[in-house]
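If you're matching them up, the sequences are chains L and W in order.
The working numbering puts the first residue of the first sequence at 1276, with every later residue one more than the last.
The working numbering puts the first residue of the second sequence at 1276, with every later residue one more than the last.
Because the hints were derived from the structure by calculation, they are not lab data.
Where a beta carbon is used, it is the ideal one built from N, C-alpha and C, also for glycine.
Some hints could be false.
Stated by the list, open to error - Taking beta-carbon pairs under 7 Å as the criterion, some of the chain W residues facing chain L (in silico):
#1 ARG1524
#2 ALA1586
#3 ASP1590
#4 VAL1592
#5 ARG1599
#6 LEU1602
#7 ALA1614
#8 PRO1620
#9 HIS1624
#10 SER1626
#11 PRO1709
#12 ARG1710
2 protein chains.
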Amino acid sequence: MHIDSSVFATETLDMPGEPETVVRGGRHLFGLLPEALHGVQRIGVLGWGPQGRAQARNLRDSLAGTGIVVTVGLRPGSASAADARTHGFTEDDGTLGDWIAVAGTSDLVILLIADAALAAHHEELFAALKPGATIGLSHGFLLGHLRSTGGGFPPGHPVIAVCPKGMGDSVRRLYEQGASVDGAGINASIAVHADPDGHATDRALAWSVALGAPYTFATTLESEYLSDVVGERAILLGAVHGLVEALFRHFRIGGDEPVAAYRRSCEAVTGPIATTISRGGLGAVREAVADTALFDRALAAAYAPSRELVAEIYDEVAEGAELRSVLLAEQRLRRHPMAPIGGSPMWDHGSAVRASRGDAGGAVEPLTAGLFVGTMLAQVDELAARGHAWSEIVNESIIEAVDSLLPYMHARDVAYMVDNCSMTARLGARRWGPRFQAAYEQLALPAAQDHRTGPGPVEGFADHPVHAALAAAAALRPSVDIAVDAVGTAGL
Amino acid sequence: MHIDSSVFATETLDMPGEPETVVRGGRHLFGLLPEALHGVQRIGVLGWGPQGRAQARNLRDSLAGTGIVVTVGLRPGSASAADARTHGFTEDDGTLGDWIAVAGTSDLVILLIADAALAAHHEELFAALKPGATIGLSHGFLLGHLRSTGGGFPPGHPVIAVCPKGMGDSVRRLYEQGASVDGAGINASIAVHADPDGHATDRALAWSVALGAPYTFATTLESEYLSDVVGERAILLGAVHGLVEALFRHFRIGGDEPVAAYRRSCEAVTGPIATTISRGGLGAVREAVADTALFDRALAAAYAPSRELVAEIYDEVAEGAELRSVLLAEQRLRRHPMAPIGGSPMWDHGSAVRASRGDAGGAVEPLTAGLFVGTMLAQVDELAARGHAWSEIVNESIIEAVDSLLPYMHARDVAYMVDNCSMTARLGARRWGPRFQAAYEQLALPAAQDHRTGPGPVEGFADHPVHAALAAAAALRPSVDIAVDAVGTAGL
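Only chain L is shown next, with the shape it has when bound in the complex (with noise of 0.2 Å):
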């Protein structure tokens, strides 16, 4: 993909097949947005979830002294007002207020209100929007939506999305280390989908410089619905903990106590494996574990039956079937609130395994890692087949994970994580990760621990390309730590 800049530097990535036009981010480069927003004086941000909270703020950091207004807007008698006060959004100066007044007012206004809302309400959101006023999306759901609905964007209006590859805390947590390494924060893909005065590609771009991303990739709506949806249900969410809870009763059964299963499972993968990935991709993995020929085993014993299940996935996104069945259950849930994941008794057990932990970081499980690194090169896989961009392909199955959700659950845990995304989200990794689940204790643990009839090795593993376009794009950000210590929400 090409992005075509009249005021941002384009640098090339090389990545396997063709190259991609990419911009860096950095501080260093604020001093462009007013030039780069190109008539855009007041921003709005509808809605504070945490991708709400986590933009607006960033956004407001990076444009200070600008004079580009960043204004909160919420419906009437939201919740989340008082949480937006505190974060200094107040209605005394302005930049709190009604979402349609918002939407009225506003030269940019970013929609980042819950699926569900913006399904119901875009059309009245629509209606409120100044003449020529750019819409700004984070994702492709609302694309999704207007397919399957027979609508459509106003016209006249620049459609333009910048999607963060990360959850929001992720989003302000790693802008926030920017001010010292400058460059940190979360890689973001754009999307311009309506350009009618040929503006939009750098206002999408100011917007991503401004939310901190190391480096913004292009793609399109439809390119970034369907991978990140597909991602959230399979390696992001969904892949994840199907395999934690396979791999804690595999271990049980084997004869670990509770404690130490849940170590050579949950804690395995969000702790060293996603680790070691971050900072030496995913050969790193392969090199750190004791028991190689487990690993290559088990790698391939989970390939198979992963892209199966990705290829599945991925059908049911782009045919419209998973966004309906989204809407189907959020008709369900009015009778009967989602039954928590993180009720069953395995999270019990996270608590004593985080606060036993050493600063060794513990040792990469073979098994858990081939596993899971094969599930991670089904999906790589598959988004190749289908035409993705590299950059967005390493985003969204690896960089995403590692960087930002991984972390997350380590702090936390998977299941607490999966009950604090979006409601999207949540739905498909209920719908999906069982699935992912049965997969490994149906095909894959059989194969890799008996050694019985099953894939072969995954050939060329050491000479794949996914190696290569992941360093590409890890040569683009700057080392910086991405544990996380605080408590905090979520949020994909």
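Position chain W against the provided structure of chain L, taking the given hints into account.
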């Protein structure tokens, strides 16, 4: 639902809410078949899967001496032709032929080919029909497919369905028992979807009586489709598979050796629990357990999450999503065959358990029984809430399970059954079985075992209307031994 017949005597079944009109079967009625079939001289059974094989043989045997000819139609080069010949359908006597030719020369054309073949070939089959020939179905899949593709049944043809509430092998096996016990067989529903000549209901009743149905109840093609597809994804296949996967691991983690864990999970469900329900209804299970309190807790703990899942399945089937997913999956299967469910190590222990069976039948495990009955009750209540007739509810949720599928699973195992039913059912069990497993592991088992905060006990189990409905249905069935000894093939 009401049935009007000019040939067969109807009876009133005292069901909760409102009475139903049904027709009791039996061999003494076979003399009425020619009159009831009204103008049908040739019956063409297309397909030689388990239902085709069973129905063609039952129909031929029931119509022996009437002059009405039953012919089997197969696609060119079908591998099933040899088996059909060994069962006495031959080209030489004109009872075996090409499916298009058979469709074009039959007065009643019964479409028992696979769902995918039905989706692909129904138009050419419709085009081959004699004017006014009756189209016969054994489930509502084709209606769902025609709705989703905008197609329809050809005008001028009666369209009827006779839907045995059991797999093909049971339809034949219990029919053979009818030789010594008049009226033994598998209950069936009928649906009259188009009735241009006014004789469709009697033709459907004749077909059902000729298959050996102990009693025939009325439904619509739409209701049959919904309850049938929901049922196989829930208590008939998906839920029972998820339950035994969850319980086997649960008992293993609790310290059981594999054979003991298999006995308390798989064997308990397919053997003593199924037999107890078949002989005495759901209440008899509670009376048979040693630990009634544990049974009650397990029933309540399984009920709530199962009810939610059945509601989700119902929504997905009714909305068309499930059918589209099956068609998407079949496209993927062209690239990769489906991995068998029976490949995991759990099933290795089944043969040892089966070999060590005594005559006593084993104890009714209270935890296993409570979870199973709780799930069954959830399906019963959800189908009742959606307006299904009670005959349909108890046949799709209980009788089909305990009199057809579970005895078959007891003879082989659950995984074998899942791996040898129709593609639609196999795919459905794979999609939903893991969801049930996760619900048992993460919600029901913790609530049942650890006395965690969970759903309250199911109020009024003793007074539940299902007991009366099941008793009314059971009163029409003569007592036969439903055990399966022989090795055979399945076919839902």
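Hints versus structure:
1. Checking ARG1524 (chain W) against chain L: minimum C-beta separation of about 5 Å stays under 7 Å; hint holds.
2. For ALA1586 (chain W), the interface hint holds, since its Cβ comes within 7 Å of a Cβ in chain L; the closest pair sits about 6 Å apart.
3. Because the closest C-beta pair between ASP1590 (chain W) and chain L is about 5 Å apart, less than 7 Å, the hint holds.
4. With a cut of 7 Å, the hint placing VAL1592 (chain W) at the interface with chain L is violated, because the nearest CB-to-CB distance is about 11 Å.
5. Because the smallest distance between the Cβ of ARG1599 (chain W) and any Cβ of chain L comes to about 6 Å, under 7 Å, the interface hint for this residue holds.
6. Of the supplied interface hints, the one on LEU1602 (chain W) is violated, with its beta-carbon coming no nearer than about 10 Å to a beta-carbon of chain L, more than 7 Å.
7. The restraint placing ALA1614 (chain W) at the interface with chain L holds, with a minimum CB-CB distance near 6 Å, inside the 7 Å limit.
8. Contact between PRO1620 (chain W) and chain L, as hinted, is supported at the beta carbon level, the nearest pair being about 6 Å apart and thus within 7 Å.
9. Here the hint on HIS1624 (chain W) is broken, as its CB sits about 13 Å from the closest CB of chain L, past 7 Å.
10. Using the Cβ-Cβ criterion of 7 Å, the hint placing SER1626 (chain W) at the interface with chain L is not satisfied: the shortest such distance is roughly 17 Å.
11. The restraint placing PRO1709 (chain W) at the interface with chain L holds, with a minimum CB-CB distance near 4 Å, inside the 7 Å limit.
12. The interface hint given for ARG1710 (chain W) holds, since its Cβ lies 5 Å from the closest Cβ of chain L, which is under the 7 Å cut-off.
The structure is inconsistent with the numbered hints 4, 6, 9 and 10, although it conforms to all the rest.
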